[in-house]
Amino acid sequence: MAGRYDANPFDEEQEVNPFAGQTGGGKGSGQSNYGGGAFYMMHPGSVPPAATSRLSPLPPEPAGYDRGATVDIPLDGGKDLRMKEKELQAKEAELKKREQELKKREDAAARAGIVIEEKNWPPFLPIIHHDIANEIPTHLQRLQYVAFTTFLGLVVCLLWNIIAVTFAWIRGEGPTIWFLAIIYFISGVPGAYVLWYRPLYRAMRTDSALKFGWFFLSYVFHIAFCVFAAVAPPIIFKGKSLTGILPAIDLLGDHALVGIFYFIGFGCFCLESLISIWVIQQVYMYFRGSGKAAEMRRDAARQTVIRQGDDGVKPGNWKKKLNFYDFTKRKVRSSKPAAGSCSRCGRGASVADMKTATRFCRVPFYWKSWKAIVCTFCGAILRSYR
Numbered sequence: 084m085a086g087r088y089d090a091n092p093f094d095e096e097q098e099v100n101p102f103a104g105q106t107g108g109g110k111g112s113g114q115s116n117y118g119g120g121a122f123y124m125m126h127p128g129s130v131p132p133a134a135t136s137r138l139s140p141l142p143p144e145p146a147g148y149d150r151g152a153t154v155d156i157p158l159d160g161g162k163d164l165r166m167k168e169k170e171l172q173a174k175e176a177e178l179k180k181r182e183q184e185l186k187k188r189e190d191a192a193a194r195a196g197i198v199i200e201e202k203n204w205p206p207f208l209p210i211i212h213h214d215i216a217n218e219i220p221t222h223l224q225r226l227q228y229v230a231f232t233t234f235l236g237l238v239v240c241l242l243w244n245i246i247a248v249t250f251a252w253i254r255g256e257g258p259t260i261w262f263l264a265i266i267y268f269i270s271g272v273p274g275a276y277v278l279w280y281r282p283l284y285r286a287m288r289t290d291s292a293l294k295f296g297w298f299f300l301s302y303v304f305h306i307a308f309c310v311f312a313a314v315a316p317p318i319i320f321k322g323k324s325l326t327g328i329l330p331a332i333d334l335l336g337d338h339a340l341v342g343i344f345y346f347i348g349f350g351c352f353c354l355e356s357l358i359s360i361w362v363i364q365q366v367y368m369y370f371r372g373s374g375k376a377a378e379m380r381r382d383a384a385r386q387t388v389i390r391q392g393d394d395g396v397k398p399g400n401w402k403k404k405l406n407f408y409d410f411t412k413r414k415v416r417s418s419k420p421a422a423g424s425c426s427r428c429g430r431g432a433s434v435a436d437m438k439t440a441t442r443f444c445r446v447p448f449y450w451k452s453w454k455a456i457v458c459t460f461c462g463a464i465l466r467s468y469r
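Using the working numbering, the letters of the sequence shown correspond one by one to residues 84 to 469.
Fair warning: there could be bad hints in the mix.
Simulated restraints on C-beta separations [claimed, not checked]:
#	residue 1	residue 2	range
1	K419	L278	38 to 48 Å
2	L178	V272	41 to 51 Å
3	L242	K180	45 to 55 Å
Since the hints were derived computationally from the structure, they do not count as laboratory data. Heads up, the beta-carbon is just placed ideally off N, CA and C, and yes, glycines get one too.
Input sequences plus hints: build the corresponding full structure.
Below, the structure written as structure tokens:
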């Protein structure tokens, strides 16, 4: 009868004891360890008893572990944090104070016209300060870049001069011309930067009339040297120490390669001279248009009057001596009557062809023609057409 009944569905599920071991001799290998009563039968598809299931053992405790050890918990941690916070605040206040002092010094230097120049050019070996894009006004940057090109052009010309003279020395022209070429390069490049390029850079940046005047004086000598080097006459120095047209013609018959090198140097010096002449014209036009020329003349007149007053010279004669320092002389070439009258004196007006000649030490080096309406009586310029 017992085989005819299945397991009791209302009977509570028996708990599995994982620690229960299997008895060796009481039961067979197929007999169950669970007692279900008289009506209990093993289901054919049920899970076999977990006789061999065991839990993994816990890892052993470390050797130095002491269960009775005490842990020290600092009770004054809040005080240390407050002290560190005060120290950080004090350092922050000191840094702010230093920053304010540095800013005050920079503002004072800027008001006094002092500019801190950091060396940034050339990028691989900074030896000079050069920042046209950020320091030169936008309308003057093109002119400043061309002036910088003439400075670099002079460096190239003098460097090529050394190369050509070296070939001439190898061909038997002697070491004297080579040493002179080295002297030209060593003295010419730093001299050009100090004498005319840096004054022009600072004049463009600060709009200083004095620096413009120093640039004009130095740049005239620069142009004269370039023209002299392009010709290279055999006077003052050895003629073949410069790659001019005369030594190029002389060397072309005996040493064709050296003559070609000298002709290339001649072309470089000619190009440098032409660009330099254009630069000085453009700078002077800006100098005149910005009113710096009139300011410079007023300063020169004021200084002349002061010197003459100290020397006991009559003040009425200062204009005669000032003519030597005049940069510009204006002249009326021709004129014809025009309709209208002068707003100052009420006299008639005329249309005149004007000519402006720029001089230095009474030698003209720039002139320009233009038209203007002038008063026939007082000579005032009523309107100009440049």
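message = Going through the numbered hints above, which ones does this structure break? Give me the numbers in ascending order.
response = Structure breaks no hint.
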